[in-house]
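Q: Sequence:
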Amino acid sequence: MNTIITIGRQFGSGGREIGEKVAEHYGIKYYDKELITKAASNSGFCKEMIQQHDEAPTNSFLYNLVMDTYSFGYNASNFVDMPISQKVFLAQFDTIKQLAKEGPAVFIGRCADSALQDLPNVIDLFIYADEDYRIHEIMHRYPDITTEQKARDFMNKKDRQRQSYYNYYSSRKWGAANSYDACLNTSLLGVEGTVDLVIQLVDDFEKRRNAD
1 MNTIITIGRQ FGSGGREIGE KVAEHYGIKY YDKELITKAA SNSGFCKEMI QQHDEAPTNS
61 FLYNLVMDTY SFGYNASNFV DMPISQKVFL AQFDTIKQLA KEGPAVFIGR CADSALQDLP
121 NVIDLFIYAD EDYRIHEIMH RYPDITTEQK ARDFMNKKDR QRQSYYNYYS SRKWGAANSY
181 DACLNTSLLG VEGTVDLVIQ LVDDFEKRRN AD
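Numbering (my numbering), first residue to last: 1 to 212.
Don't read these hints as lab results, they were simulated from the structure.
Treat the numbers as computed from the prediction; the structure is a model and nothing was measured.
Quick reminder that beta carbons are idealized off the backbone N, C-alpha and C, glycines included.
Hints are not guaranteed to be accurate.
[To be verified] With a Cα cut of at most 30 Å, we get these calculated DSS-like pairs of lysine-lysine:
#1 K150 x K101
#2 K173 x K87
#3 K157 x K173
#4 K87 x K157
#5 K29 x K173
#6 K158 x K29
#7 K21 x K173
#8 K150 x K29
#9 K21 x K158
#10 K87 x K101
#11 K150 x K97
#12 K150 x K33
[What the hints assert, rightly or not] Label-pair restraints from in silico Cβ distances:
#13 E102 x H140: 30 to 36 Å
#14 R209 x G27: 17 to 23 Å
#15 P120 x E20: 21 to 27 Å
#16 N185 x K29: 34 to 40 Å
#17 N156 x A177: 34 to 40 Å
Construct the entire structure; sequences and hints are all you get.
A: Pasting the structure below:
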């Protein structure tokens, strides 16, 4: 097993749980919130600061400016004047690239697919689900969300944040089929069925790469 799996996900679709189960199946590392601790350690930013800006949308600098600064490193003059949200993104972006060098892993969100787009052993997935399925999952996961409307409002807010963050920092479009290698609907197969399908995709991907 030498494949790195990135997972974008709609809120309430089960993407995090699917990623955990896939990583457990292959016995590989899993990175979601763990990236916050890693990025804090690598960058010198405090963990709370990275948590505050984690997958948070921004409207200040242009994507190209951020990427140009990243290519020149943290000592670039642009980096000094860059808003903290961009600095946090670069810290996570850099951490993802470093962790990918250590071996196969599952990365959840945070534009990991863009960070690793030049690697040949990466498969990019997007997990989504029907609205009713996600509302049910959100109400089950968050006991304080007691009505479907509250769950829907929370779901839409989180999805807008993820979409804004991804579209800002990536050259791709969040949730668009051509941004990923496969898009999977958990309301069709459930979490376990989707995990099985991901494993089949990864196994077939590995076989094709090994045959080349």
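Q: Each of the hints needs a verdict: does it hold here or not?
A: Taking the hints in turn, this is what the structure says about them:
1. K150 x K101: violated (41 Å)
2. K173 x K87: Cα-Cα ~22 Å, so holds.
3. K157 x K173: holds (17 Å)
4. K87 x K157: holds (24 Å)
5. K29 x K173: holds (27 Å)
6. K158 x K29: holds (25 Å)
7. K21 x K173: With a Cα-Cα distance of about 26 Å, the restraint between K21 and K173 holds, given a limit of 30 Å.
8. K150 x K29: Violated, at roughly 34 Å.
9. K21 x K158: Distance ~23 Å between K21 and K158 Cα, so the pair holds.
10. K87 x K101: Given that 30 Å is the threshold and the Cα spacing comes to 22 Å, the pair holds.
11. K150 x K97: violated (37 Å)
12. K150 x K33: holds (25 Å)
13. E102 x H140: 30 to 36 Å: holds (35 Å)
14. R209 x G27: 17 to 23 Å: holds (19 Å)
15. P120 x E20: 21 to 27 Å: holds (25 Å)
16. N185 x K29: 34 to 40 Å: Given range 34 to 40 Å: violated, Cβ gap about 26 Å.
17. N156 x A177: 34 to 40 Å: violated (21 Å)
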